[in-house]
Amino acid sequence: KKFRPRVDADTTDKELFKTICEMLAPLKDGHVTLRARRLGEPEYCPEDLPRFTKEFNTRKLERQYNAMVQKTLTANRFDKPKTAGKILSYSHNDKFGYLLIHEFDGVNRRKLDTALNEAIGAMDGIEGLIIDIRLNPGGTTGITYRIANRFSDKRRIGHHEKTRKGNGDGKNKKEFSPLRTFHLQPPAANKKQRTFTGPIILLTHGASYSAADLFAMIMRELPHVKIIGEPTNGIFSNMLERKLPNGWKYTLSFQVNYTAKMDCLETKGVPVHLKILNKRTDLEKGIDPLVTKALEMLADKKVPQEK
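Per the working numbering, residue 42 is the first one in the sequence shown, and the count goes up by one each step.
No lab work stands behind these hints: they were computed from the structure. Each residue gets a CB set at the ideal place from its N, CA and C atoms; glycine is no exception. One should not assume that every hint holds.
[As the list claims (entries may be wrong)] Label-pair restraints from in silico Cβ distances:
id, residue 1, residue 2, range
1, T115, P178, 21 to 27 Å
2, T222, E82, 37 to 43 Å
3, A66, N117, 40 to 46 Å
4, K121, L90, 29 to 35 Å
5, A340, K127, 38 to 44 Å
6, K290, D194, 29 to 35 Å
7, A108, G162, 25 to 31 Å
8, A340, A108, 20 to 26 Å
9, K112, L80, 42 to 48 Å
10, T60, K309, 27 to 33 Å
11, D194, K121, 29 to 35 Å
12, T115, K55, 50 to 56 Å
Generate the whole structure from the sequences, applying the supplied hints.
Given below as structure tokens:
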């Protein structure tokens with residue numbers, strides 16, 4: 042009723058593009074996009090920018106943030122970071138390890154297994170581990186679980202998922218596929234894959250997207266993992282791409298993901314056990330408050346309890 046009267050045979054492409062963007066705006070979903078390259082319009086996405094992205098809103102500030110994280114680790118006697126398998130960076134001091142996951146994509150299973158063995162093996166003997174997925178854009182479910190399995194203590198439900206099958210008109214009684222359950226599963230002993238099931242502090246914020254959302258959600262099922270920072274972005278679904286009759290392409294979320302207890306965290310993000318913000322003023326101090334707090338928690342063996 043609101044938008045259909047605005048479109049007729051005389052509507053220009055630019056007017057149509059603007060109208061569709063207005064239709065999509067209320068969704069506020071980072072997985073919803075509209076592309077009309079021939080029109081010369083930039084890709085449209087109705088996502089609200091995370092607080093972190095607004096705070097560190099230039100590449101220069103983002104570089105300074107990354108340098109601050111490294112400076113904090115160095116000040117705590119962590120060795121020089123090394124890269125494994127393109128998507129992992131790791132370092133450690135005498136007691137604790139730090140694993141930065143840049144994304145959950147861009148590497149095959151064999152190379153990922155080798156990278157995980159290298160990173161976890163190099164930190165052998167540590168008493169606790171910090172895993173950092175801040176600024177992680179996401180990736181695939183397969184890689185997400187392949188990494189999370191290295192920190193799993195036993196087989197347990199990771200999450201549930203259902204996929205939309207119908208067109209959303211409400212006429213199809215089977216709008217969604219049957220619920221699919223995914224499990225966390227430690228590697229078999231004969232696989233010779235390095236694991237760590239000691240205390241883990243996971244660092245997140247609103248720029249932890251998609252597969253990073255999923256990683257935080259399934260890691261939260263593990264009793265030896267606590268999350269600090271801010272809730273993740275809250276866009277769990279994969280992206281479904283389709284083409285309009287005029288050639289424009291769009292993507293949308295077509296799945297619903299649930300925790301092991303059947304809670305849906307879409308738009309909410311994965312909650313943290315302890316909220317700590319990265320702010321631009323941190324750059325002046327040169328200290329990352331999340332890494333600092335994580336090290337304190339691991340050293341004191343005190344972790345926040347569920348609220």
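Structure-based check of all given hints:
1. T115 to P178: 21 to 27 Å: Because 26 Å falls inside the window, the suggested range holds.
2. T222 to E82: 37 to 43 Å: holds, 41 Å
3. A66 to N117: 40 to 46 Å: Since A66 and N117 have Cβ atoms about 44 Å apart, the given range 40 to 46 Å holds.
4. K121 to L90: 29 to 35 Å: holds, 33 Å
5. A340 to K127: 38 to 44 Å: Between A340 and K127, where Cβ atoms are some 31 Å apart, the hint is violated.
6. K290 to D194: 29 to 35 Å: violated, 43 Å
7. A108 to G162: 25 to 31 Å: holds, 27 Å
8. A340 to A108: 20 to 26 Å: Hint holds: Cβ distance 24 Å, inside 20 to 26 Å.
9. K112 to L80: 42 to 48 Å: 45 Å Cβ-Cβ, so the 42 to 48 Å window holds.
10. T60 to K309: 27 to 33 Å: For T60 and K309 the Cβ distance comes to about 29 Å; the hint holds.
11. D194 to K121: 29 to 35 Å: holds, 31 Å
12. T115 to K55: 50 to 56 Å: holds, 52 Å
Violated hints for the displayed structure, listed by number in ascending order: 5 and 6.
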